[in-house]
Amino acid sequence: MSVLVVMEQQEGAWHKLSWEALAAGLELGRALGEPVAAAVVGEALDALETELAAQAVERVLSLRHPLLAAYTPDGYTTALEALIRETKAAWVVLPHTYQVRDFAPKLATALDCGLIPDVIGLRVEGGAPVFVRQLFQGKLNADVVFEGPPPYLVSVQAGAFRADQLQPGASPAPVERPAVALESKQIRTRPLERFQEAKRTVDLASAAIIVSVGRGIKGPENLPMMEELARALGAELGASRPVCDSGWLPLERQVGSSGQTVAPKLYLAIGISGAIQHLVGMKGSRTVAAINKDPTAPIFEVADYGIVGDLFEIVPALTAALKSSS
Amino acid sequence: MLARTAFALLLAASVAYFVRFVYWRFHHPIQRVPPLRWDHPGERLWRVFCEVLLQTRVIRERPVAGLLHALVMWGFFAFAWVSAEHLSLGVRGLEAARPSDSWYGVFAAAWAVAVTIGILGLTFRRFVLRPAVLGPLSGTSAVVAALIVLLMTTYLLGWRGLEAGSAAWQVNWWVHTLSFLGMLVVIPQSKHLHLLAGPVAIFFRGRTTSGMRALREGDDDDLGMVRFTDLAPKDLLDLHACVECGRCTQACPANVVGQSLNPKEVILQMQRGLLAGGEVIAGTEEEAAAGKVWVTERDLFQCLSCGACEEACPVGIEHVGRKILDLRRGLVSEGRTTSDKVGELFTTMERAPHNPWGVSHEARRKFLEAEKFPFFDGTQEWLFWMGCGLNYDPHGQEVARAMRRILDAGAVSWGVLAQETCCGEPGRRAGNEYLYLQLSEKLVEVFQGKKVRKILTCDPHCARMFDADYRAIPDYESLGIEVQHHSETLARLLPSLPLEPVREAVTFHDPCYLARGRGLTAEPRAVLAASGASLIEMAHHGKRTFCCGAGGGQLYLAEDAPGHDRQRVNHRRFAEAAATGAAIVAVACPYCPIMLKDAAAYAGRDDVAVLDIAEILARRLRAPALSC
Numbered sequence: 628m629s630v631l632v633v634m635e636q637q638e639g640a641w642h643k644l645s646w647e648a649l650a651a652g653l654e655l656g657r658a659l660g661e662p663v664a665a666a667v668v669g670e671a672l673d674a675l676e677t678e679l680a681a682q683a684v685e686r687v688l689s690l691r692h693p694l695l696a697a698y699t700p701d702g703y704t705t706a707l708e709a710l711i712r713e714t715k716a717a718w719v720v721l722p723h724t725y726q727v728r729d730f731a732p733k734l735a736t737a738l739d740c741g742l743i744p745d746v747i748g749l750r751v752e753g754g755a756p757v758f759v760r761q762l763f764q765g766k767l768n769a770d771v772v773f774e775g776p777p778p779y780l781v782s783v784q785a786g787a788f789r790a791d792q793l794q795p796g797a798s799p800a801p802v803e804r805p806a807v808a809l810e811s812k813q814i815r816t817r818p819l820e821r822f823q824e825a826k827r828t829v830d831l832a833s834a835a836i837i838v839s840v841g842r843g844i845k846g847p848e849n850l851p852m853m854e855e856l857a858r859a860l861g862a863e864l865g866a867s868r869p870v871c872d873s874g875w876l877p878l879e880r881q882v883g884s885s886g887q888t889v890a891p892k893l894y895l896a897i898g899i900s901g902a903i904q905h906l907v908g909m910k911g912s913r914t915v916a917a918i919n920k921d922p923t924a925p926i927f928e929v930a931d932y933g934i935v936g937d938l939f940e941i942v943p944a945l946t947a948a949l950k951s952s953s
Numbered sequence: 017m018l019a020r021t022a023f024a025l026l027l028a029a030s031v032a033y034f035v036r037f038v039y040w041r042f043h044h045p046i047q048r049v050p051p052l053r054w055d056h057p058g059e060r061l062w063r064v065f066c067e068v069l070l071q072t073r074v075i076r077e078r079p080v081a082g083l084l085h086a087l088v089m090w091g092f093f094a095f096a097w098v099s100a101e102h103l104s105l106g107v108r109g110l111e112a113a114r115p116s117d118s119w120y121g122v123f124a125a126a127w128a129v130a131v132t133i134g135i136l137g138l139t140f141r142r143f144v145l146r147p148a149v150l151g152p153l154s155g156t157s158a159v160v161a162a163l164i165v166l167l168m169t170t171y172l173l174g175w176r177g178l179e180a181g182s183a184a185w186q187v188n189w190w191v192h193t194l195s196f197l198g199m200l201v202v203i204p205q206s207k208h209l210h211l212l213a214g215p216v217a218i219f220f221r222g223r224t225t226s227g228m229r230a231l232r233e234g235d236d237d238d239l240g241m242v243r244f245t246d247l248a249p250k251d252l253l254d255l256h257a258c259v260e261c262g263r264c265t266q267a268c269p270a271n272v273v274g275q276s277l278n279p280k281e282v283i284l285q286m287q288r289g290l291l292a293g294g295e296v297i298a299g300t301e302e303e304a305a306a307g308k309v310w311v312t313e314r315d316l317f318q319c320l321s322c323g324a325c326e327e328a329c330p331v332g333i334e335h336v337g338r339k340i341l342d343l344r345r346g347l348v349s350e351g352r353t354t355s356d357k358v359g360e361l362f363t364t365m366e367r368a369p370h371n372p373w374g375v376s377h378e379a380r381r382k383f384l385e386a387e388k389f390p391f392f393d394g395t396q397e398w399l400f401w402m403g404c405g406l407n408y409d410p411h412g413q414e415v416a417r418a419m420r421r422i423l424d425a426g427a428v429s430w431g432v433l434a435q436e437t438c439c440g441e442p443g444r445r446a447g448n449e450y451l452y453l454q455l456s457e458k459l460v461e462v463f464q465g466k467k468v469r470k471i472l473t474c475d476p477h478c479a480r481m482f483d484a485d486y487r488a489i490p491d492y493e494s495l496g497i498e499v500q501h502h503s504e505t506l507a508r509l510l511p512s513l514p515l516e517p518v519r520e521a522v523t524f525h526d527p528c529y530l531a532r533g534r535g536l537t538a539e540p541r542a543v544l545a546a547s548g549a550s551l552i553e554m555a556h557h558g559k560r561t562f563c564c565g566a567g568g569g570q571l572y573l574a575e576d577a578p579g580h581d582r583q584r585v586n587h588r589r590f591a592e593a594a595a596t597g598a599a600i601v602a603v604a605c606p607y608c609p610i611m612l613k614d615a616a617a618y619a620g621r622d623d624v625a626v627l628d629i630a631e632i633l634a635r636r637l638r639a640p641a642l643s644c
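Residue numbers (this note's numbering), protein chains in the order written: chain F, 628 to 953; chain C, 17 to 644.
Check the hints yourself; a few may be wrong.
[As the list claims (entries may be wrong)] Pairs of lysine to any residue, SDA-like flavour, derived with a Cα cap of 20 Å:
| id | chain 1 | residue 1 | chain 2 | residue 2 |
| --- | --- | --- | --- | --- |
| 1 | F | Lys812 | F | Leu694 |
| 2 | F | Lys845 | C | Gly620 |
| 3 | C | Lys382 | F | Thr923 |
Hint data in this document are derived by calculation from the structure and do not stem from the laboratory.
Could you put the whole structure together from the sequences, leaning on the hints where they help?
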């Protein structure tokens with residue numbers, strides 16, 4: 628009844644969600660008292676194998692094949708199906724990435740087993756794991772358990788498990804390279820060149836904390852004050868459209884319908900009135916705090932915490948308080 | 017005898033050439049649907065009288081050039097009898113010539129002078145002043161100008177300068193004749209075909225701007241305008257009516273702020289493609305560069321669908337609903353759009369809760385609950401359709417509050433739907449007909465179930481959908497629903513409202529879909545006047561209003577991020593409003609304040625308030641007397 632974590636890599640670089648999947652797999656293994664193996668799929672994987680072997684896993688299973696160099700649903704499913712059957716892994720944990728979303732249902736169908744996608748937590752009750760996933764746009768949590776014989780597939784949501792608390796293993800785990808039986812005729816899709824989205828110099832979308840400024844900061848000369856607060860919070864700096872239109876901050880820092888869509892854990896809106904086209908860009912934020920001199924500003928409708936007052940008094944005080952507490 | 021034969025042959029050849037060329041320009045395999053519009057014939061004839069005979073539009077848009085043009089055109093009418101007599105002389109023989117002594121000769125001579133002044137003025141403008149909007153110099157314009165000057169001077173010479181019947185007179189007669197026949201040759205192969213096509217296109221033009229057609233019933237191949245064979249009769253007329261004056265381009269907000277969309281070039285490119293035997297009309301810039309298509313996707317998706325081009329056009333061309341939006345629909349239906357923003361808008365609208373912002377119903381539900389809005393159950397007279405702007409935008413919700421106060425003060429029986437989805441407007445304008453059909457089908461079911469008879473909305477875009485686009489859906493049309501924009505409702509309620517007007521300076525930004533799309537400019541002004549507003553008009557007002565930048569789905573597309581290389585439409589419009597000095601910019605659409613407030617923040621003008629006419633009116637309502 629072992630646990631198998633399927634890591635995701637692309638062109639020799641880990642998808643960072645893989646580490647969260649590994650954390651989930653290790654947590655499950657500990658709770659069940661079962662060994663945990665980690666698998667990686669690709670072609671040239673030497674560096675990745677070594678890196679993975681340093682983790683507290685029982686062994687690393689490396690599926691290497693020229694036909695696995697680029698992702699194809701047929702190739703990945705065929706290779707992983709054989710591996711799961713061979714190792715008799717009972718619990719297969721995957722990161723809930725776009726790629727996994729693509730092939731996991733196919734893999735579950737091939738194995739004729741269940742798949743619980745996008746889980747945010749797990750616990751073991753009476754020797755059987757219970758997985759938690761969200762319903763109704765996160766309004767409800769549901770406990771889900773598997774029925775029937777193994778294997779069982781689970782994919783984990785980004786941010787649900789702590790990758791930063793992974794501990795290296797006592798000694799490097801053995802790396803095994805099971806033979807992969809794969810022929811080109813089994814693969815029906817032909818991957819073309821990877822589409823590269825225009826590189827954003829600032830990735831607000833993945834920022835955990837954002838300090839966002841509006842025209843209420845009066846002028847670009849007040850930006851250093853805001854940047855200092857952002858530094859104290861470990862936050863990225865965002866802005867409303869008028870601020871970027873005025874050229875006070877570059878356009879890639881713009882949050883809203885014509886800028887970036889963000890979903891940080893904390894969104895601090897400073898001097899932002901909260902026009903609809905700004906709100907739609909940050910409505911996914913976990914917690915919203917707003918500072919505005921106008922108590923009727925619409926931003927307070929969506930804010931969890933609000934301070935009505937002069938931002939030029941509040942921001943330095945906030946920065947000082949943050950600095951003294953840390 | 018020889019002269020008479022030569023004249024007859026030349027006349028026959030010219031007429032044959034004329035007919036052949038007109039036939040070549042108009043004979044194309046096109047659709048019969050939608051047919052030419054014959055509704056409201058009286059209004060249409062009156063329109064032709066004003067715009068063709070009185071040249072109202074030509075003069076309104078460009079007074080000097082317009083008047084010069086009018087002199088030429090009126091002169092042509094004055095010359096109809098002169099020309100008939102002139103040609104008849106060719107048939108009868110030149111020896112029948114008599115010195116002119118009729119009053120009509122004097123009248124025509126006066127016009128000959130006027131026409132000469134007109135055409136020389138226009139020629140000076142075109143070839144010396146060379147306004148950029150006219151485009152590259154046109155050879156045919158020079159030829160036509162020369163022919164007209166020849167016609168006029170030879171007339172004047174023949175009338176008084178030369179002895180009737182003399183050799184010199186005969187030479188003069190022939191020069192006049194050849195000039196006349198030359199016109200028959202030049203007209204059909206140049207923009208001067210507008211002489212014929214223009215008045216007809218004006219007659220058949222839609223009563224409001226930016227109207228889209230319904231897809232052809234039972235024709236599964238109709239995905240919107242894709243190929244030149246998708247043109248309808250009015251489109252063909254439009255393409256050949258274009259006189260290349262560029263009034264449309266000058267009026268186009270996208271073009272004015274420096275975007276690449278040029279409505280005149282859209283029409284001319286379509287005309288060139290049609291005459292060159294092109295197949296597909298629109299595609300990517302690469303396809304256009306390779307000569308495979310004639311109009312680019314990039315230009316089409318810059319359109320605000322505001323209808324300024326159609327309003328400015330002196331020859332009745334419908335650029336927007338019948339061409340640009342229909343071409344977008346063709347691109348989207350065939351999956352040939354490359355814009356991520358367009359795809360994002362569609363994905364957001366396709367998903368529950370089906371609004372273009374993707375905001376949860378929860379926000380609206382909380383608002384309705386807190387405000388205790390009555391729900392429509394079929395017993396009330398009016399369904400107050402809030403639309404996405406009033407449902408989700410914080411400022412829109414303020415407008416909804418104001419409407420509530422006014423409707424209650426006016427004892428109107430009203431209610432709102434417990435759940436609203438988008439009516440499909442941004443989707444349809446951006447080209448996604450399927451999305452529109454899905455959303456409208458659901459809504460029509462709701463209207464049927466709730467027994468809706470009258471709809472009131474603050475959103476002229478929604479009003480346009482329910483009063484025009486939806487009417488092509490038989491199940492909706494059979495409900496016989498009356499639609500009012502709130503400016504109409506408020507104007508109607510004015511006498512019954514307890515008002516305390518307060519005098520304040522206000523400028524009014526006419527929403528495109530109200531002024532041009534619905535033809536209403538007086539109602540919102542009546543509401544403002546009753547509130548005490550003293551109106552300061554912007555240069556672009558009424559039907560000549562300038563878009564706020566939100567129309568045609570642009571509020572959501574807003575794909576204008578890269579660089580600060582050009583002005584934004586909303587910044588330009590706000591600057592015009594702020595220049596009036598009024599502290600209040602009144603609007604009557606939920607999208608305009610989003611754009612104008614954004615521009616106000618950009619300009620650092622928090623002293624200028626952007627308010628809906630309902631908010632302005634509600635502030636002037638006398639507080640209800642407290643009852644014990």
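Here is how each hint holds up against the structure:
no. : hint                 : result
1   : F:Lys812 to F:Leu694 : 10 Å, holds
2   : F:Lys845 to C:Gly620 : 8 Å, holds
3   : C:Lys382 to F:Thr923 : 17 Å, holds
No hint from the list above goes unmet by this structure.
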